[in-house]
Structure formats: C-alpha cells, structure tokens
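Trainee: Protein sequence lines correspond, in order, to chains F and L. Positions 42 to 449 (this note's numbering) are the ones given, in order, by the first sequence. Positions 3 to 377 (this note's numbering) are the ones given, in order, by the second sequence.
Read the hints as simulated data drawn from the structure, not as lab findings. The reader is advised that the hints may include incorrect statements.
DMTMM-like mimics (lysine to aspartate or glutamate), calculated; alpha carbons at most 25 angstroms apart, straight line [to be verified]:
1. K124/F with E116/L
2. K406/F with D181/L
3. K173/L with E114/F
4. K38/L with E249/F
5. K290/F with D36/L
6. K200/F with E270/L
7. K173/L with E322/F
8. K402/F with D181/L
9. K38/L with E341/F
10. K173/L with E302/F
11. K38/L with D222/F
12. K173/L with D169/F
13. K207/F with E169/L
14. K403/F with E250/L
15. K371/F with E341/F
16. K365/L with D222/F
17. K403/F with E270/L
18. K406/F with D36/L
19. K173/L with D219/F
If you anchor each label on the Cβ, the simulated ranges turn out as follows [stated by the list, open to error]:
20. P119/L with N318/F: 22 to 32 angstroms
21. K320/F with R271/L: 48 to 58 angstroms
22. A123/F with N328/L: 37 to 47 angstroms
23. N67/F with N304/L: 55 to 65 angstroms
24. I114/L with K425/F: 45 to 55 angstroms
25. P119/L with K320/F: 33 to 43 angstroms
26. G168/L with T360/F: 28 to 38 angstroms
27. L49/F with M303/L: 40 to 50 angstroms
28. Y311/F with G168/L: 30 to 40 angstroms
29. Y97/F with R271/L: 55 to 65 angstroms
30. R271/L with V237/F: 50 to 60 angstroms
31. D352/F with G168/L: 19 to 29 angstroms
Glycine included, every Cβ here is placed at the ideal spot set by N, Cα and C.
Chain residues, written in single-letter form:
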Amino acid sequence: MKKRLLFLLCAASVILTGCWDSIELNDIAIVTGMAIDPGKEKKYRLTVGYVNPAQYSKQNPAHGAPVSIMTLEGNSLPEISAKMNVGVSRRLIFSHTRALYINEKVAKEDGVSHFLDSLERSPQFRNDFNILITKNNSASDFAMINDPVERVPSLKVQKSIKSLLKSWGGDPRVRLTDFIDAIIAEGRSPVASTVVIDGDPEKGQNAESNMEVKAPARIMLDGLAVFKKDKLIGYLSLDDTRNYLWTQKLESTMISIPCEEDGDKNNPLYFDIVITNNKSEMKTYYKGNQPQLELNIFSEASINSMQCQKDLSSKEIYTELEKRSDKQIKNMITETIKKVQNDFGVDIFGFGEALNRQHYKKAKKVLGHWNEEFSRADVDVNVKIALRRSGTRNKSFISELPKKDVED
Amino acid sequence: MSKKLVENISLWQLAVLMFTFEIGSVAVVGVGTDTKQDAWIAVGVATVLGAGLVWFYVYLLKQLPGRNLFEMITFCFGKWLGKIIGLLYVYYFLYISARVLRDFCELITSVIFENTPIEVISITMVGICAYMLYLGLEVFGRTGEVFIPYVFTFIILIGLAILFSGEFQMKNLLPILGDGLGPILKHVFPRLLTFPFGELVTFMVIIPYVSHFAKAAKVSVFTVLISGFIIIYGTVIEIASLGARQMERTVFPLLSAAREISLLEFIERVDLVIVFVVMFGIITKVSVFLFGGLKGLEHIMNIPYRYLVFPVSMIIGYIAIQISANNAEHIEEGIRFIPLYMHIPFQIIIPILMAPLLIWKVKKQKRRSDANGSR
Numbered sequence: 042m043k044k045r046l047l048f049l050l051c052a053a054s055v056i057l058t059g060c061w062d063s064i065e066l067n068d069i070a071i072v073t074g075m076a077i078d079p080g081k082e083k084k085y086r087l088t089v090g091y092v093n094p095a096q097y098s099k100q101n102p103a104h105g106a107p108v109s110i111m112t113l114e115g116n117s118l119p120e121i122s123a124k125m126n127v128g129v130s131r132r133l134i135f136s137h138t139r140a141l142y143i144n145e146k147v148a149k150e151d152g153v154s155h156f157l158d159s160l161e162r163s164p165q166f167r168n169d170f171n172i173l174i175t176k177n178n179s180a181s182d183f184a185m186i187n188d189p190v191e192r193v194p195s196l197k198v199q200k201s202i203k204s205l206l207k208s209w210g211g212d213p214r215v216r217l218t219d220f221i222d223a224i225i226a227e228g229r230s231p232v233a234s235t236v237v238i239d240g241d242p243e244k245g246q247n248a249e250s251n252m253e254v255k256a257p258a259r260i261m262l263d264g265l266a267v268f269k270k271d272k273l274i275g276y277l278s279l280d281d282t283r284n285y286l287w288t289q290k291l292e293s294t295m296i297s298i299p300c301e302e303d304g305d306k307n308n309p310l311y312f313d314i315v316i317t318n319n320k321s322e323m324k325t326y327y328k329g330n331q332p333q334l335e336l337n338i339f340s341e342a343s344i345n346s347m348q349c350q351k352d353l354s355s356k357e358i359y360t361e362l363e364k365r366s367d368k369q370i371k372n373m374i375t376e377t378i379k380k381v382q383n384d385f386g387v388d389i390f391g392f393g394e395a396l397n398r399q400h401y402k403k404a405k406k407v408l409g410h411w412n413e414e415f416s417r418a419d420v421d422v423n424v425k426i427a428l429r430r431s432g433t434r435n436k437s438f439i440s441e442l443p444k445k446d447v448e449d
Numbered sequence: 003m004s005k006k007l008v009e010n011i012s013l014w015q016l017a018v019l020m021f022t023f024e025i026g027s028v029a030v031v032g033v034g035t036d037t038k039q040d041a042w043i044a045v046g047v048a049t050v051l052g053a054g055l056v057w058f059y060v061y062l063l064k065q066l067p068g069r070n071l072f073e074m075i076t077f078c079f080g081k082w083l084g085k086i087i088g089l090l091y092v093y094y095f096l097y098i099s100a101r102v103l104r105d106f107c108e109l110i111t112s113v114i115f116e117n118t119p120i121e122v123i124s125i126t127m128v129g130i131c132a133y134m135l136y137l138g139l140e141v142f143g144r145t146g147e148v149f150i151p152y153v154f155t156f157i158i159l160i161g162l163a164i165l166f167s168g169e170f171q172m173k174n175l176l177p178i179l180g181d182g183l184g185p186i187l188k189h190v191f192p193r194l195l196t197f198p199f200g201e202l203v204t205f206m207v208i209i210p211y212v213s214h215f216a217k218a219a220k221v222s223v224f225t226v227l228i229s230g231f232i233i234i235y236g237t238v239i240e241i242a243s244l245g246a247r248q249m250e251r252t253v254f255p256l257l258s259a260a261r262e263i264s265l266l267e268f269i270e271r272v273d274l275v276i277v278f279v280v281m282f283g284i285i286t287k288v289s290v291f292l293f294g295g296l297k298g299l300e301h302i303m304n305i306p307y308r309y310l311v312f313p314v315s316m317i318i319g320y321i322a323i324q325i326s327a328n329n330a331e332h333i334e335e336g337i338r339f340i341p342l343y344m345h346i347p348f349q350i351i352i353p354i355l356m357a358p359l360l361i362w363k364v365k366k367q368k369r370r371s372d373a374n375g376s377r
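The shape of chain F in the complex, shown without the other chains (with noise of 0.2 angstroms):
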C-alpha cells in the first residue's frame, strides 16, 4: 500500500509539476504604452514604456519615475519587442497596453497593416488599447510625457479619451478590431485618434514635472486621422470628430447654438444643449443612378445655459429653440460629411456598409468601386431634436433684466 502511494506521488509530480510558461511576478515588466516612429537604419524604432512597480507600493512609494522607457530599432514589432531586453531586465508583458501612438509619418509613407497584423495575431495583446496618431513630435515623445494625476502617460491617455466620450465626444471609439475590419472592408474606410503635445516634451519626461501645478506638457486629442486603406491621407478637426460620432454612436454631447441664425456679428448670444441620448440611422439607396446617402438622427436634450431673451416656460419657445438646433446639427453634420466626400474621397462613416445591409444585390455591383460612388452621392441630412426641460430654472434671469441695460 505504503509503495503505492509512494508510487502514484511520483508520477503525480511528473505530471502536475505545472506549466512551461510560467512567470514569476516579479520577473514581469508591465508594458503600458507602445510607440513606433520610422527607423533611421531598419524599418521601424518601437519605444515601449513599462511601469516602474516600486512606484505604486503603498506603504512607502519610491520617488522615482512611474515608467521607464526603452527604444530600439528594428524590421518587425515582434522582434524588436522581444529584443527589448538587451536593456531591459524583465520579460515585457504586452496584455494591458493602453495606448498604441503611430507617428504620421508611419502611417502615411508605409500605411499601419504591417505591423498590426502582428498585433492582431499575439494572444498577447487585448482588443481593450486605443490606437493614436501622434502628430508633430515624434511618437516616442507621447510615452513619456508625465501626468501629475494618472503618472503613467498612456493611462492618463486612455482615461481621458474614456471622459471626453461621456462629456463631449471627440474620440471615433475606434479599436483593433474594428480598425483592421474598417481596412478591409469595402463599405468603410477606417480612422483613428490623433493626439499632439501642448507644451515642451523635454520637460514633460521629468518626474519632478509632477510637483508643478501647471503641467510643462500635456498630451491633448486633436481629432480625426483619416485613412484610405491602410496608409494615412488627411486629419479632421476635433468639431469634425464630433460631427462624426454624430452618425456613428454619440454617448453624450454639449453644443452651443446661436439664439438667432442671422444675429449680431459681434456679440452673438447662443443657448447650450446636452445631448442625453441619440440614435441615429443610416440608409443608403440609389436614386436612378445617383447614390443617395441618409442620415436620420433623434436626439433628447436639455437645456444648460440660455443668453437668449426667450421665456423658456412657454412651449412655442421649445418648439422654436428645437427648430434651432435641428437645422445648426443638421448643417453641421452635412458640412463634414461634404468635406470628406470631397477632400477625402474615403466612406469613413461606414454607408457602404448600410448599402450592403440594407441593399445587397444593388451593394454587390457597387462596392468595389465605392468610394467613388461616395464621393458623387447626395447627402441628406434629418436631425429631429427633442428638447425635454431645462435645468433647475425655467426663465432665465437674463430675460428679466429691464431690455434696455442688455441693448446698451
């Protein structure tokens, strides 16, 4: 009995003695951010930052800089990621990279595919990191500009594109897969976020940046980058952005609009709504021979601020202040979408693929040469608003004023 017992613990430590690919904790770097920018001799120069965990002990944190960084060049991203280690002391772990920065030179010289089918293909690498375009200074600049709140740069980056979602709207919502999808298919071209530093990049990488209250640099967004296929043709403005998310999914939004459509130059007077829910449709169809492209949005609102003189307790100024906003969205929207059919040419809000649900057999003789066919179509724009209350007040104290001090 006793012998097999013996027996079956030895083979039971043949067996269960774990797994091949085990690592211990702390032999682990935890890789948050990743930027590529072109190469000087090879093709690309990766820089990866990694968090620096004595920073985070809670009971007596280290003084040192959150995040390390260390740039080597190389042909591939799996290679030279796996290289890192000529300098760096741990094995890097790339499943909770926040950030991805492409500089635009990248982007637009050798397009971005390469690299992400690597991306794509690791088991490492989540589908959870926002992919960014980074503008002016070179990519390895943006991971490691220091944030006094977040300290490590891609989450401050990550959480800030999170909060801007909510309050405003100005990041496409773009991830991996969605990216990748968006290069192959025919019906839609993709976009990614662009962001740029405001301030001196030099600074920003001390840590001692962190004790100053105003930041020496910050990371700010700064729109939309637009792609044919894979590679980088043209950026769009952070308004442009918003427009856009109008016809894709707009969690949530805040807009001034102008009390009267032809009022003083000058001093104009506007009324703030919030968008608190919106739902917008896509229809694509061919008039004759001429693409159609539809867009119908519905949208509740309140409203947040008025410096109009209108009584807001009476319905007909509901109605007109609604009539309002419809036709400065809807201009607003068309506007953009004109600007991309004709600087762009590229169906970056994804009507070929409305085409394609919603007309198939037409859809299947189209597609392939879409983008044309884009950029000749009607556009049609109908945006009904619904203004639902307005704050705590319902008259404005603005309209009680005596008319004559707000005219002089």
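Following the hints, put chain L in place on chain F, whose structure we already have.
Mentor: Structure of chain L alone, referenced to chain F:
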C-alpha cells in the same frame, strides 16, 4: 463470449453527454463561418436535419434492442464482413477522437501555453479520458452530470456578458440571406450536417446501455434540438460581436468573442471560462469516440475493453500530434477530406445500406422463432 459487465446510464446522463459532445468542438473551432452572417441559419437547418439523422440511428437500434452498433453490423453482414466493417468503424472513431484532441491542443498551445510542448497537453488530456473510461460508462455519465450546470451557465453568461458590454451589434447579422438559400444548403450538406450532428453516430454504441431504452429516441432528438439551439446562440454571439469578416479570420471565434467582454471595467478577461467549457466538451467528445472505438475492439477481439483502454488511449495521444504537421494542414484536412471520405460513408451511407438488411433479417429471425414456437 465472456459474460459482459452490464452498465447502465440514465436518460438524463445520455442527454448530458450528447449535449456536451455537441457543443465541445463547436466551441473551439466555430461552425458555418463560410456562410458569413447567415451561419446561424445554416446551423438551424443543420440542427433539424441532424435531429432527423439521430432519430434514424435510434430507429436502427430499436430493431435489435440491447445490441450496439458493432453487434448490429455483425448481425447484418455476417461474421467476417461484419468484422471488417466493424474494424473500419473502429479506425474512424479513433481517428476522429485524435482529431478532436488535436483541436484542443492547438487552442491551448496557441492561446494559453505558448511554450509548453504539445505532447504534454495531449497526453494529460487523453490520460484523463482513459482513466474515466477505465472506471466505466457509469462514471463517465456521472462526470458529465457533475459538470453540466457549469458548462450550461457559463455559455449563457458569456452571451449575456457580451450583450451588456455593448459589443453585441445586431446589425452585423444583416443582410439576412443576401445570396439566397443556395450557399447555405451547400454548406449544410455535407459539412454542417456531418460536423457536429452526424458525429452522433458514435452514440449508437452508448444508447443501447441506457436504462429506459424505449424513451431514448425522444430524449436524443430533444437533446439535439437543444444543443442546436445553444450552437445557434453561440454563433449569433460570434457574428454579432466580431462581425462576419473577422469571424472568418479568427481561428477560435468563441474565444475571441469572449475576449471582447468588459463588464463595468470589473469583469474582464473571462476567456478562461470559455477554455473551461471547451476543455470539458473536448474531454466528453474524445471519451465518447474513444469508447466507441474500444467497444468495437472489444467486440472484434473478444476481450473486455478495459484491457485496451490505456494502450489505445496512448496511441491516440500520439496520433493526435502526428496527424498533421501544422495547424493549416489540420484544418484543411478537416474541411476537405474528412467530410467526404470519412463522415459521409460512416455516418450516412453505411447506416442507410444497413437499414433494409437489418429490417429484413430481423423479420426473418422473427418468422423463424415464431415457426419454432408453433412447432
């Protein structure tokens, strides 16, 4: 013949085994990806046909109550021809069991244990199956019973979690039937009908040991419909969360879909739950095929199958690795050769050929025994 150990499993255990058998491989490799966003329709059509096929299998078994597939083959084709056909079935069952095992090994080595040698995974997995079968069919049935609640709830929860993560986009399912029914039917026959539904032919070895044999037909058909429903559910999840284009490119769709889950930034990275479901499904599937092959060997060689469990299972662990040099070869074999040269003959042609012979022989036997009785 030596006296057989009589083992029985209950109807509920049969249903459990069939259910996990069905969803096991499907959870690994996904089905119907060629039909793009209409994959779920294809699965639906295949489910109905599959239920018919299973009904047919049980109908054959009913003609000779208490005898399994191999005994039935000998009864129909005589001793020698019966043994040859039986041996072919043994090869078929063991080969498919090795293939299923390889599916799982591929998943583990490419997603979780990248550096672990594939041999280790294959041997440990087949070791579990061998041990379970060595303890007998009853233990196998009870194991299924123990794990089924987890498997079932996990699959349902994964779907709900994807739904609440906001990754679930119904518009990915459009256009419905864009190219008409043609491509779907082409895909259903032979591929979807044979995998996963036609593979239930293995249960012709297990169903005779069910304690309430009379109700077996009803239970089997019902189970196939339920599991078909769950497969449709899984496929809809895959399409809606990944989109048809991406689903075509992923090697393991359900796992990729589970990776999209992020509930309240708190429940994240739950893909290991899928690996659990897959692991249990694979253990069941490998064991069922292995059991089929072993029972066949028992019938042909006239020795209790328990003597054969360990040697044969180790061979399977080895074949699973040797079967193909790389993943692409493995998948291509599965798509191009297996359905045509293995699934269709063994799942459909031989049983259909056997049916009239069986009915005729049973009638003849009955007449003879009636004549004997009246004499």
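Trainee: Could you work out which of the previously given hints the structure breaks and list their numbers from low to high?
Mentor: 3, 4, 5, 9, 10, 16, 17, 20, 21, 22, 25, 27, 29, 30, 31
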